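Novice: We have chain A; now place chain B with the ligands onto it with these hints.
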Amino acid sequence: MSDETSTAPPKHLETLHCRICGTEVAAGPVHVCEMCFGPLEVHYPLEALRGRLTWEVIRGRPTDLWRYRELLPLEGGPTLARGVGWTPLLPAPRLGAELGIDDLWVKADLSNHPTQSFKDRVVAVALNRAREFGLEDVGCASTGNLANAVAAQAAAGGFRAWIFIPKDLEPEKIIATAVHGVRVVRVNGVYDDVNRLCAEVADRFPWGIVNVNLRAYYSEGSKTVAFEMAEQLDGAVPANIVVPMAGGSLITKIGKGFRELGALGLVDPGRQPRLFGAQASGCAPIIGALERGEKRVEPVRPDTIARSLAIGNPADGPFALQAIRESGGWGAGVSDDEIREGIRLLATLEGIFTETAGGVTVAAAARLAAEGRFKDSEGATVLCITGNGLKTPEVARSTYELGEVIEPRLQEVERLAEAGLGLGA
Amino acid sequence: MTTTTKVKVRVPTPLSSATGGERQIEVTGSTVREVLQAVGEIHPEFLDRILVDGGELREFLNIFVNGSDVRFEEKLDTRVQDGDEISIVPSIAGGAIP
Ligand SMILES: Cc1ncc(COP(=O)(O)O)c(C=O)c1O
Ligand SMILES: [Zn+2]
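For the protein sequence lines, the chains are A and B, in the order given.
What the first sequence shows, in this note's numbering, is residues 268 to 692, in sequence order.
What the second sequence shows, in this note's numbering, is residues 113 to 210, in sequence order.
Only chain A is shown next, with the shape it has when bound in the complex (with noise of 0.2 Å):
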């Protein structure tokens, strides 16, 4: 595959794809087949990229997320969005050995450049998108992590900004927001007012929602978190990956790029992982339709501290269960004392501060190891933390000590060492 961006844009990008019915439509920020108004993709030629993308092609390349540039749905080269992705994969042994999962893995979204949360991956895609399409307004409805990386993302590209976001949402990511200097609308309700209020807005204002109308393309950058899984384990397909659910786009388009790199025979494609959802049991519609055996996912009113995964009705609800059940996996829906407590113990075992989507992801894990849902398998465990811990502070209060204080003497530090360190564990 050569490197030289080409004059003619991809053939394959002149369209989107209706997920549910098939028909084609012309590129562009749309979102739903005209049809039966199913959810809209991209796809690629994979057979002609077969054997011309190689490990080897893309271990030359810078490493951020656009070293895959192929399998993402730009024209030209990338004009915005250097250095986002390519995030560790570390291993947890500390952790595993505490939840009895062997050959555990964190996938460490949560060092995502610029704002710290795997939502800086799909918004690089979806801005770098926008500016193909000549939008000078961007936007989007989000939880919080969306609207991080919009407002960083759409500074550094020189875009007018509408971030919506549910007016109560934790203070740390407004802040994270509004520094940016974009438009940020608190709308009296919750997200998913505030999505369905940015679907009429987009249908309304010729301004590319990230999420809504350029949901197609926004979406597909979700996908190189299985991209770098892979290349990191030196081209082995993990056997179970945990990831946080709330619209539900992650879990399925990881599904999508582990599907793609087995087609393009950079894994062995008669090797999937086996995708395991989590949510947060005061939001958990999709887990709810799972464990119910049903293929519709009904909606339901988030209840949780989990901030960032409370999206009662999820876009890509169905998708995400489909994912889940083709792939043999499973999911769980954790109390916010687990969450708390998964906080915890990633923090105390691996030294990483996750907020709450991750005490979600570590606490589903923990459940379903107990119930024994990764044994019969060989190969890695991973666990996808997407967000970081600075974001929700105030969750975490109850799961650590504030430290005492004390005169600056020797001797105090000598009664406090013959104390112990205290720390109960």
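Some clues are possibly wrong.
Said to hold, decoys possible - Covered stretches of chain B (in silico footprint by chain A; criterion: 3 or more residues with CB under 8 Å from a CB of chain A, positions within the stretch not fixed): (1) 116-126; (2) 148-160; (3) 168-182.
The set of hints was computed from the structure by calculation and includes no laboratory data.
For clarity, every value in this text was computed on a predicted model and none was experimentally measured.
Here a beta-carbon is modelled for each residue, glycine too, at the ideal position from N, C-alpha and C.
Specialist: Showing chain B with the ligands alone in chain A's frame:
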């Protein structure tokens, strides 16, 4: 009781080809279903596009009355009042893969 309940229906772009380009239609009816049927009387193609076999709403459409999802109420049998606004919103959420 014979009150006339006037309700405004907002039609999203991908559906407007079924309403002759009209994006806001005012009709009468006392439930969501009656309101949609009233739109169907003006624009015959409309109901075929949004209902499966004339019965339930298509998988990837959602209906909101003054911003509230009718799935939390009586779905298409949700009652409406004078001055209510019905939004038809495609594919932001929910549904099932047939
Ligand atoms: C930190 C974090 N993890 C996971 C998710 C879930 O992603 P998705 O909506 O694609 O299921 C979100 C977002 O909504 C998030 O903010
Ligand atoms: Zn379709």
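Novice: Indicate, hint by hint, whether the structure satisfies it.
Specialist: Hint check:
1. Figure legend: the segment 116-126 of chain B, annotated as covered by chain A; annotation consistent (4 residues with Cβ-Cβ distances under 8 Å, at least 3 required).
2. Interface restraint, the segment 148-160 of chain B with chain A: violated (0 residues with C-beta to C-beta distance below 8 Å; minimum three).
3. For a cut-off of 8 Å, the count of residues in the segment 168-182 of chain B with a CB near a CB of chain A stands at 8, and the three-residue condition holds.
Hint violations for this structure: number 2 only, all remaining hints satisfied.
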